[in-house]
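**Student:** Listed below, chain by chain, are the residues.
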Amino acid sequence: QKEVEQDPGPLSVPEGAIVSLNCTYSNSAFQYFMWYRQYSRKGPELLMYTYSSGNKEDGRFTAQVDKSSKYISLFIRDSQPSDSATYLCAMSAVGGADGLTFGKGTHLIIQP
Amino acid sequence: SQTIHQWPATLVQPVGSPLSLECTVEGTSNPNLYWYRQAAGRGLQLLFYSVGIGQISSEVPQNLSASRPQDRQFILSSKKLLLSDSGFYLCAWSPWTATATNEKLFFGSGTQLSVL
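Sequence order for the protein chains is E and R. Residue numbering for the first sequence follows our numbering, starting at 112 and increasing by one per position. Residue numbering for the second sequence follows our numbering, starting at 5 and increasing by one per position.
This is chain E alone, in the form it adopts within the complex:
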């Protein structure tokens, strides 16, 4: 079983829809959870950073962490064509020496 599972997509939705992106993980030691957005042939850009369980909102983006289910989500409200990108989840353990563990990314397409 891989440490972090993420559906590669592509996920195609119409403009204005609510988008839900998800990752599951197996390592119960993970405490820090991040979402990165990556446009084609560019470096990933940090979108959301959360610690432990709960929700965090930033504009149109909401990150949710459910540690009991080992499941994290990123919601995008009022999706725009400019949101079309690959979204990578990442996570790490407290004091872990292995850096971040990334999902493989979900390719999202917002149709105008």
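These aren't lab readings, by the way, just hints derived from the structure by calculation. All of these numbers come straight from a predicted model, not from anything done at the bench. It is possible that part of the hints are untrue.
[As the list claims (entries may be wrong)] Covered, in the sense of this in silico footprint (three residues per stretch, anywhere, with C-beta under 8 Å from a C-beta of chain E), are these stretches of chain R:
1) 46 to 56
2) 109 to 116
[Said to hold, decoys possible] As a list, the in silico BS3-like pairs of lysine-lysine whose alpha-carbon atoms are at most 25 Å apart:
3) R:Lys108 to E:Lys167
4) R:Lys108 to E:Lys181
5) E:Lys178 to R:Lys108
6) E:Lys178 to E:Lys167
7) E:Lys181 to E:Lys167
8) E:Lys153 to R:Lys108
[As the list claims (entries may be wrong)] So the derived list for chain R, only partly shown, Cβ under 10 Å to chain E, looks like this:
9) Ile8
10) Thr14
11) Pro18
12) Tyr38
13) Gln59
14) Asp89
15) Leu94
16) Cys95
17) Ala96
18) Trp100
Don't be surprised by glycine CBs; every beta carbon is placed ideally from N, CA and C.
We have chain E already, so just place chain R on it with the hints.
**Tutor:** Here is chain R on its own, set in the frame of chain E:
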């Protein structure tokens, strides 16, 4: 504000040739520095990280090496490239910690390397 510079953006090299990719960070001191490789369908793979000048930790055995000659400079090298070295190489930095742990990573724009 902090910025990270990575070059070149695209590189085509023959098999067996050497490689040198450079990354520099501005606006911060003593950052942790990282080299990642991203291959299609395989996600981001951590290659090297550094918590200080001359301190390099290797995560994956390969024919690549890394060096940190200055506080904010990180170099990825190879003496002889293999076909399997093709990929998208990303440099990243994070605020200093003793190990490459849980800090937020800030990535450069990447280098697309094609080995032919």
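**Student:** Output the numbers, in ascending order, of every earlier hint that fails for this structure.
**Tutor:** Per hint list: 11, 13, 14, 18 violated.
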